[in-house]
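> Residue strings, one per chain:
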Amino acid sequence: MTAYLLRRILFFVPTLLIITLLSFIISQSAPGDPVEQMLSGQQSGGEQIAERQANEAAYLQKRRDLGLDLPVFYFSIGPLAEPDTLYKIPKVPVQDALRRLVYKFGNWEAVQRYYQALLQLEEAFYARASDSAWKGTDRTEARALLVLLPQEKNYDEILHKLTLLERYLIPALRPAYEEVVSAAKALSTEATPWKIYVPTIHWYGTQNQYHRWLMGLFRGDFGISYQDKRPITSKLGDAVRWSIVINLISIVLAYLIAIPLGVQSAVHRGQWPDRVISTTLFMLYSLPTFWIGTMAIVFLCGGEYLDIFPPGGVQSTEHSPDWPFTKRLLDWIYHLILPVIVYTYGSLAFLSRQMRSALLEVLGQDYIRTARAKGLPARLVIWKHAFRNSLIPIITLLASIFPGMISGSVILESIFSIPGMGFLSYGAMIARDYPVIIAVFTIGAVLTLIGILVADILYAVVDPRISYSRR
Amino acid sequence: MSEAKISYSPRARAWQAFKENRLALFALRFTGVLVLIALLADFLAYNKPIVASYQGEVIWPIFRDYWEALTGRPQWPGPLRVADWRVLPVDWALWPPVRYSPEELDLRNAPAVGPFDEQITRSTAERHWLGTDNLGRDLLAGLIHGTRISLSVGLVSVGISAILGILLGALAGYFGDNTLQVSRASLIFGIPGLFLGLYYGFYLRRYALGEALGESFFSFLGSLGTSLLVAAIVTTLFWLPSRLLKKTPWGAKPLYLWIDISISRLIEIMISLPTTLLIFTIAAIAKPSLFLVMAVIGLTSWTGIARFMRGEMLKVRQLDFIQAARALGYSDLRIIFVHALPNAFAPVLVSIAFGIASAILVESGLSFLGIGVPPETVTWGSLLASARSATGAWWLAIFPGLAIFLVVTLFNILGEGIRDAIDPKLQQR
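Quick note, the sequences are listed as chains Z and R, same order. Just so you know, our numbering puts 1072 at position 271 of the first sequence, and the rest follows in order with no gaps. Just so you know, our numbering puts 296 at position 292 of the second sequence, and the rest follows in order with no gaps.
This is chain Z alone, in the form it adopts within the complex (with noise of 0.2 angstroms):
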């Protein structure tokens, strides 16, 4: 027993290894530069030097802040063209087009000539940029082009958009002009594609993102919200707890009812309790949580017909600490029973389908009718006897209950704007929130993670003849 728990925690850590990697790349996956999102509203979009060189630093500092300017994981695999220190280069759309410029031509220091000649021209550019010799609207359409060279990843549009700079450049900055065209025309014609085959390792060692997010949420830092810029584990804080208690009370009620109604409709097999039960339930099992929901906020929360629940929430608005406990008390049970009902109705329905077919298996054995037989009272030999066997698959079921009513958080939380970690995730989703997205993926599956732990150790605590022992 105690060997087996011991492998089962052992296997805990690499599963949990497993989950934050995922979120990891999930998170990398994101589009957009996380940098500028953090800096968005500060920074204002100035064409004279001194500005652009503050906002260049800004983003620089924020970027060694938020530890973006660290290679990403601990090694990393890639061409040998591809140089081990791409990852220094700021803004991930530059980045992303130098890489794809190296995969397609296999020789970065032609890249990174080409890189530099487009420093060097913007550097220019700038320098100039309050220059009479500017006619019309030209300066803003060449300044639109070289914002959006360097990260365009397209060879032949990289061409195009060359092509079309000319026209807009003032004399002055043609030597530069010329620079970048004869670097970008240089990419293909000395372009050295073997490099590309050769598949290289290089190692990092600690100093990289990944691990110093990981290490952040050992220490339960989950980074700083897009939105507020306030940090994530803060604004979780409030929320876990809503979903829990939740949850929790769901829970417990889904089993209080769900087994009684199991029992009753096992015992009656095939009778009438049996099929009401067993029709209900299956009823209940199909209808999907969003759509009682939905249905439960328009025709009974005051909208244009019936007024009995308040409309979403889980206090009211005058709801003070001041209040006296069991007025706030009473207050949180009005708002949150029907969110309650409807959490609740899903997990039960499939909870009592299992306990009924539990019970039945029991039923069948021989030792029920050994214990039939010898004539015990059918209380007795479905209480002591059958029902308590019949507890052990139901128990494990939590493992699976668990995972299922975290995600359903996310639409039942949204309906009933319950302020939990579903309705927080909601409202990073729609906001493009990325760091709140991933932070609630994470705690919820490591909160599933312990759910399934918690239920495989209470089936060994309950079920004595499991041994657990290897094959």
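Hints are computed from structural coordinates only; laboratory data are not their basis. We put the CB at the ideal spot given by N, CA and C, even for glycine. Careful, some of the hints might be misleading.
[What the hints assert, rightly or not] Label pairs and their calculated CB-CB ranges: (1) V1053/Z / L228/R: 31 to 37 angstroms; (2) I124/R / R1042/Z: 37 to 43 angstroms; (3) E979/Z / T230/R: 38 to 44 angstroms; (4) G833/Z / D181/R: 57 to 63 angstroms; (5) R1042/Z / W19/R: 49 to 55 angstroms; (6) V1053/Z / D88/R: 56 to 62 angstroms.
[Said to hold, decoys possible] Straight-line distance between alpha carbons at most 20 angstroms, and here's what the computed EDC-like set of lysine to aspartate or glutamate pairs gives: (7) K905/Z / D885/Z; (8) K319/R / D181/R; (9) K954/Z / E219/R; (10) K954/Z / D181/R; (11) K291/R / E991/Z; (12) K291/R / D834/Z; (13) K905/Z / D957/Z; (14) K257/R / D181/R; (15) K936/Z / E991/Z; (16) K954/Z / E910/Z; (17) K905/Z / D834/Z; (18) K986/Z / E953/Z; (19) K986/Z / D957/Z; (20) K962/Z / E923/Z; (21) K905/Z / E215/R.
Let chain Z serve as the given structure and place chain R on it in line with the hints.
What follows is chain R alone, placed relative to chain Z:
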């Protein structure tokens, strides 16, 4: 019934038992009707007639639109392209029962006009039978075309998970940990070869694959095929030298491949992931696309089928006819696919039916939240969501949810029906 007609094959018996279950049979027929609705959605709700005579010419507008979509060449003369067929002075016309397309905005009947409310229409035939949503889109047309989306999400995603689950489960169950042997030489060259194959086939081509995924389903399939081909060729090339090493006694030593353990561990890890939350997260971060939703649902929900299949295979491989096939010297692949799989397939059907129900539920949940599915696509979930912004629109709260409920129930009944039909314990009763 005559002697000859009685069949004792398990499949025939299961089908017999299934047919006796009236509810399940009804569910099967109803599913057939839904498939028809999905296939013929354009002929049930469209803003052009099926066939009409206009200025003496007989025109088949829906087919012409199909032809245009197929060939990519414009098929309509200028004025007819933008014309509203409902006001065109046609000589005669055969219309679909609903004269609106699902995305079409009827601004005169917006926002959210109910089925019994007063509607501003030219004729009774143009009424919105189930009302409109807050943008003035016809609810019935949305429901009809939503059938197509829901069913295709269910079928494609479960198709993906069934292929994955059946393959992995069958491999794990059939081979176990001590059946499949390879020489040490093959392993030494094969494993690095496999990594190299993956590197060239997938890692180097990741940008190309990503772009193909964004383009269309078929270009993604093509790109995926290229990747697989490259990977296979590279792996084989790298593995070839092992033939030499195999000639030495050290290299020829046979080793067991731990297929069952590795696949079972993979399943265990997948089960401990909160899949729905994972699907939500990926859908929220990636670019909205229906195919992506299908793929993600499919890739995360194969574990149930794989476990079923593994268990069945463990049973089947002990049976006499498999032993006989082995004794006849059939290859493992032939035994798995021709002899073992068909006999282990029945329980998987149960998982498939339940899987379709839950995939449809997940997709409608996603589109209810407005993530993952492109915003202009009308789905049951998005129609239900519109009930939240249109206060008092009972028809928006009831009908789309009813559609989801119906389909989910149907597939659950089907699953139960198949399970009861193939359960030998029940048959003995």
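> Could you run down the list of hints and mark each one as holding or not?
Hint check:
no.: 1; hint: V1053/Z / L228/R: 31 to 37 angstroms; result: violated, 47 angstroms
no.: 2; hint: I124/R / R1042/Z: 37 to 43 angstroms; result: violated, 51 angstroms
no.: 3; hint: E979/Z / T230/R: 38 to 44 angstroms; result: holds, 39 angstroms
no.: 4; hint: G833/Z / D181/R: 57 to 63 angstroms; result: violated, 46 angstroms
no.: 5; hint: R1042/Z / W19/R: 49 to 55 angstroms; result: holds, 53 angstroms
no.: 6; hint: V1053/Z / D88/R: 56 to 62 angstroms; result: holds, 58 angstroms
no.: 7; hint: K905/Z / D885/Z; result: holds, 17 angstroms
no.: 8; hint: K319/R / D181/R; result: holds, 15 angstroms
no.: 9; hint: K954/Z / E219/R; result: holds, 17 angstroms
no.: 10; hint: K954/Z / D181/R; result: violated, 47 angstroms
no.: 11; hint: K291/R / E991/Z; result: violated, 36 angstroms
no.: 12; hint: K291/R / D834/Z; result: holds, 16 angstroms
no.: 13; hint: K905/Z / D957/Z; result: holds, 12 angstroms
no.: 14; hint: K257/R / D181/R; result: holds, 17 angstroms
no.: 15; hint: K936/Z / E991/Z; result: violated, 37 angstroms
no.: 16; hint: K954/Z / E910/Z; result: holds, 17 angstroms
no.: 17; hint: K905/Z / D834/Z; result: violated, 23 angstroms
no.: 18; hint: K986/Z / E953/Z; result: holds, 15 angstroms
no.: 19; hint: K986/Z / D957/Z; result: holds, 11 angstroms
no.: 20; hint: K962/Z / E923/Z; result: holds, 14 angstroms
no.: 21; hint: K905/Z / E215/R; result: holds, 15 angstroms
Of the numbered hints stated above, those contradicted by the structure are hints 1, 2, 4, 10, 11, 15 and 17, listed in ascending order.
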